[in-house]
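2 protein chains.
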Amino acid sequence: MPVQRPFNFSAGPATLPEPVLQQVAAEMLDWGGSGMSVMEMSHRGKEFISIYEQAEADLRELLAVPANFRILFMQGGGLGENAIVPLNLSRGGKVDVAVTGSWSRKSAAEARRYADVQVVAEGSGRNIPGSANTWSLRSDAAYVHVCTNETIDGVEFHELPRIDNGVPLVIDCSSHLLSRPIDWSRVGLAFGGAQKNIGPAGLTLVFVRDDLLGHALDICPSAFNYKTVADNQSMFNTPPTFAIYVAGLVFQWVKQFTYAGLQGLAAMEQRNIDKAALLYTTLDASSLYENRVEADCRSRMNVPFYLKDDALNERFLAEAKAAGLLQLKGHKSVGGMRASIYNAMPLEGVQALVNFLKEFEARHG
Amino acid sequence: MPVQRPFNFSAGPATLPEPVLQQVAAEMLDWGGSGMSVMEMSHRGKEFISIYEQAEADLRELLAVPANFRILFMQGGGLGENAIVPLNLSRGGKVDVAVTGSWSRKSAAEARRYADVQVVAEGSGRNIPGSANTWSLRSDAAYVHVCTNETIDGVEFHELPRIDNGVPLVIDCSSHLLSRPIDWSRVGLAFGGAQKNIGPAGLTLVFVRDDLLGHALDICPSAFNYKTVADNQSMFNTPPTFAIYVAGLVFQWVKQFTYAGLQGLAAMEQRNIDKAALLYTTLDASSLYENRVEADCRSRMNVPFYLKDDALNERFLAEAKAAGLLQLKGHKSVGGMRASIYNAMPLEGVQALVNFLKEFEARHG
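First to last, the sequence lines map onto chains A and B.
Taking my numbering, the leading residue of the first sequence gets 1067, the next gets one more, and so forth.
Taking my numbering, the leading residue of the second sequence gets 1067, the next gets one more, and so forth.
Calculated directly from the structure, the hints in this document are not laboratory data.
Quick caveat: nothing in here was measured; it's all calculated off a predicted structure.
Some clues are possibly wrong.
Because identical chains share one entry, a pair is satisfied inside a single copy or across any pair of copies.
In the BS3-like style, the derived pairs of lysine-lysine whose C-alpha atoms are separated by at most 25 Å in a straight line are [what the hints assert, rightly or not]:
id	residue 1	residue 2
1	K1160	K1293
2	K1387	K1374
3	K1398	K1160
4	K1172	K1424
5	K1387	K1160
6	K1172	K1160
7	K1112	K1398
8	K1424	K1293
9	K1398	K1293
10	K1321	K1293
11	K1374	K1293
12	K1293	K1387
13	K1293	K1112
14	K1387	K1424
15	K1387	K1112
16	K1172	K1321
17	K1321	K1398
18	K1172	K1387
19	K1160	K1424
20	K1374	K1160
21	K1374	K1398
Starting from the given sequences, assemble the full structure and let the hints guide the process.
Structure below.
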């Protein structure tokens, strides 16, 4: 094992806190004196139930999830939820979608299998298309769908849209979940894959307001029916137990995290703000690199950038890797580079990236 | 960590080979010199792709999966597949189901959302209802569904049914997958959750014959469309990467396993036969314990048994735990006890259970 692990900027599955990985390794053959790995525990045994209940309570506390929201631990990821949400919420009626990038576009396409979908606003991929009161919302829609952080495009809603017509807002918050608070007064349902800020791929978190349960279409698979999942404490089918355990350790880590005189999620958010500012400032000051997203909606989590000379891309990635900066290649659909700087990326990692960006520019700019 | 871990008879998530857990722990912070945990790797990076391809190749070799079958690494478990199979294969037509216990009954109920389902044979929960040529099969059915090992009831098809009318056979083999060979000439599709013989919960394996791809209903979610999953090498959505990695280590472990002069899956099958024989012989010779399944279809993996005096159940479980024999409680729907003796349960574990059964009977019988 290297003394210092490299910094890993993967968009997901993504870097995890080192103390969490150390604890997972230490407990691998014997969790809490049980003589079992968490992977080996029945999901209905008292050991795993205690892990599950602690994780759920910690997550609820961290995000201040109101009592009238259920937290579901599911499978299938964001792409699965693109179907599971309309299967549960659309009632076969109307769904409004604001398109701000690749993920919301995919969500709209998938929902068309089940509902009358209307794109009520469409951004350029580099902006948010106005405030919600300028969108052509339908008052009889079953819900409004927004992706509050576009992982590929790097566009983030720093404030959740306020939907004034009473229609529930559904947010796909996969890539900012647990990086900042959520204003639940504006939300009907939130979902996200774990593999950004929370834990291993294969776990999907869903937060759903009570009144939205119980309206699934008949064609909704039982295993993906929110009411069925909620009524069975996420154990209608065998849940991804090990991923829930790792997520629970991450929740504990966030609760104990301190930064700038703050603790917990507030500390994490402030560090995320500082990390993003450091990186965007460097990119904006450069004449080699370019981030193309409008300043008011730049993602704190996923920072896509382009070298002004594409011919330097391969050299950039090779030299970055040699400098201990991994997985900076941009998504294949948009090219360029992307630095994902989730909760587990320390400030030192962003500083190391910034230093490298400047050195590389000095040599090749 | 105890010197000797207890023996864990959980029906799933279930005990895993100790060398696999040790390797997972050792590689937790740095897989293969990459500086990353497997949990932290992009599923599209060369490191994870190498893990995925090795796992797929090893599984294909172990089970002698023919070239015209695709292996899919999915999410959602057996209960998810109960919907996903008819969404992909039923074409909205007819589905024949042989009911041999709890799981096939659930499969039939779920398939009714999408197809005209007929129960073509129904067992007592303790037997297999005759050979397939006695079932009231429909020649225009889209497929015939069988659960080849009923985890709750302990009923196993030791030979796969032969469907003579040309209709594809679908087998839910969750709880015997990788415990024995599969006769692919009789199968159109096989599926199973990983959490029995293979790895952590949250990974579902699907083996599907080429000609059955591409017929999904329009309402099938993209993330669960077999053709979409196959066309994207199981990476249409982010797969459960860490679970695939652990499964891959288990495949390696099975390949290297030796027993009774055999190696690999043949060795594993022989040990499973021997383990089951040891346990059933003990139960049958006892006047305190009783297994109620007919002899020709007793499961090699899940051995339910009852104490003739129910009042002894709690004492039995407490003394078993004290003797290092864990998770022997039967499924809540049928009561009694259940010893699941999957691949990773050594012969010594079954011997320890047998010794305990005899001692307990001597004290309390």
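Going down the list of hints, with the structure as the test:
no. : hint          : verdict
1   : K1160 - K1293 : within (21 Å within a copy, 28 Å between copies)
2   : K1387 - K1374 : within (20 Å within a copy, 66 Å between copies)
3   : K1398 - K1160 : neither (32 Å within a copy, 42 Å between copies)
4   : K1172 - K1424 : neither (36 Å within a copy, 60 Å between copies)
5   : K1387 - K1160 : neither (47 Å within a copy, 55 Å between copies)
6   : K1172 - K1160 : within (17 Å within a copy, 32 Å between copies)
7   : K1112 - K1398 : between (45 Å within a copy, 14 Å between copies)
8   : K1424 - K1293 : neither (52 Å within a copy, 46 Å between copies)
9   : K1398 - K1293 : between (37 Å within a copy, 22 Å between copies)
10  : K1321 - K1293 : neither (29 Å within a copy, 42 Å between copies)
11  : K1374 - K1293 : neither (50 Å within a copy, 39 Å between copies)
12  : K1293 - K1387 : neither (46 Å within a copy, 36 Å between copies)
13  : K1293 - K1112 : within (24 Å within a copy, 39 Å between copies)
14  : K1387 - K1424 : within (15 Å within a copy, 61 Å between copies)
15  : K1387 - K1112 : between (44 Å within a copy, 14 Å between copies)
16  : K1172 - K1321 : neither (33 Å within a copy, 41 Å between copies)
17  : K1321 - K1398 : neither (35 Å within a copy, 36 Å between copies)
18  : K1172 - K1387 : neither (32 Å within a copy, 50 Å between copies)
19  : K1160 - K1424 : neither (50 Å within a copy, 65 Å between copies)
20  : K1374 - K1160 : neither (43 Å within a copy, 59 Å between copies)
21  : K1374 - K1398 : within (17 Å within a copy, 64 Å between copies)
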